[in-house]
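S.K.: Residue numbers (the numbering used here), protein chains in the order written: chain A, 1 to 139; chain B, 140 to 285.
These are calculated hints, taken from the structure and not from any lab test. Only a predicted model underlies this, so the values are computations on that prediction, with no experimental measurement involved. There may be inaccurate statements among the hints.
Claimed, not checked - Label pairs and their calculated CB-CB ranges:
1. T275(B) with R59(A): 48 to 54 Å
2. G143(B) with G112(A): 38 to 44 Å
3. P102(A) with G215(B): 23 to 29 Å
4. A25(A) with D230(B): 33 to 39 Å
The C-beta atom is built at its ideal place from N, Cα and C for all residues, glycine as well.
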Amino acid sequence: MGIHTSLETLMKGERRDPVMEIEQAVANRALILRLSGELDLKTAPSFKETVLQALGAARLHDLVVNLSAVTFVDSSGIGVLLGSYKELQRGGGQVVLVAPQPHVRTVLELAGLARLMPFVTTEAEALELVAAGRRQANA
Amino acid sequence: MPDGVDNIMELRFPSLAENVGMARVAVAAFASQLGFTVPEVEELRVAVSEAVSNAVIHAYPDEPGWVEVTCKLREGTLLVTVRDYGCGIEDVEAARRPAYSSDPERMGLGFAFMDSFMDSVEVESQVGKGTTVRMTKRPKREPIRV
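Kindly produce the complete structure, drawing on both the sequences and the hints.
M.R.: Structure, rendered in structure tokens:
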């Protein structure tokens with residue numbers, strides 16, 4: 001069996017579910033996404049799609065990403081966070097990251113994300129921060 | 140077993156996104172015999188993920204092809220090789236610069252992470268023949284011998 005035949009068979013086979021779950025909530029015009037699992041090349045597209053769909057469907061101003069249950073992130077996941085940041089920044093919105101695990105935080109900081117988006121420990125803090133940002137913008 | 144090698148593992152899989160996670164789990168499991176700390180294993184997982192993701196995204200633009208990951212243990216050092224037989228990289232030096240990326244979503248961070256998290260990273264590529272990334276990592280703390 002050549003590689004093309006074997007790959008074709010593989011592609012037609014049942015795919016495993018991506019090893020990431022996303023829970024959504026909206027509070028005070030901020031989209032809250034609670035991710036769990038691994039954020040990599042396989043799962044980053046569904047994260048991106050969720051962000052785009054949710055932001056497109058409602059007039060949401062900010063994005064709060066709860067990373068406390070994320071066990072792995074690489075440049076594919078960081079790309080989606082940066083893309084979301086650019087998208088929201090155009091409308092004056094913010095991206096706030098909540099409670100990344102220490103090894104995930106190391107990767108995010110190495111990519112320079114701490115310069116662009118605040119890291120906080122709770123969703124409540126994140127919501128206070130985006131509310132303050134909006135008040136400042138409207139002042 | 141090759142000369143001077145204490146243990147070896149070889150993986151071969153199609154360049155599909157779902158195999159990136161499998162590769163990093165397998166390499167981390169192989170590395171566990173070396174006494175890496177948990178943060179060191181996390182660094183290794185990111186580096187492997189980046190090297191394999193590069194092969195999945197860039198090596199075979201038209202249809203999936205094979206990716207090979209080889210892990211060797213030599214004198215307390217882990218050697219990881221990620222090889223593809225795809226389109227190759229025209230300018231390896233440019234590809235390794237942090238700002239470089241042919242995929243704007245990944246911001247050219249792949250090689251930056253590999254460089255930061257591994258002790259050494261070598262990239263060899265030939266256009267039309269493929270790319271080989273060789274990385275090494277050694278536990279910072281000497282294992283406790285009992």
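S.K.: Taking the beta carbons of T275(B) and R59(A), is their distance inside 48 to 54 Å?
M.R.: holds, 51 Å
S.K.: Verify the CB-CB distance for A25(A) and D230(B) against the hinted window 33 to 39 Å.
M.R.: violated, 45 Å
S.K.: Given the hint of 38 to 44 Å, check if G143(B) and G112(A) actually sit that far apart at their C-beta atoms.
M.R.: 40 Å Cβ-Cβ, so the 38 to 44 Å window holds.
S.K.: Falls inside 23 to 29 Å, the C-beta gap from P102(A) to G215(B)?
M.R.: holds, 26 Å
Of the numbered hints listed earlier, the single one contradicted by the structure is hint 4.
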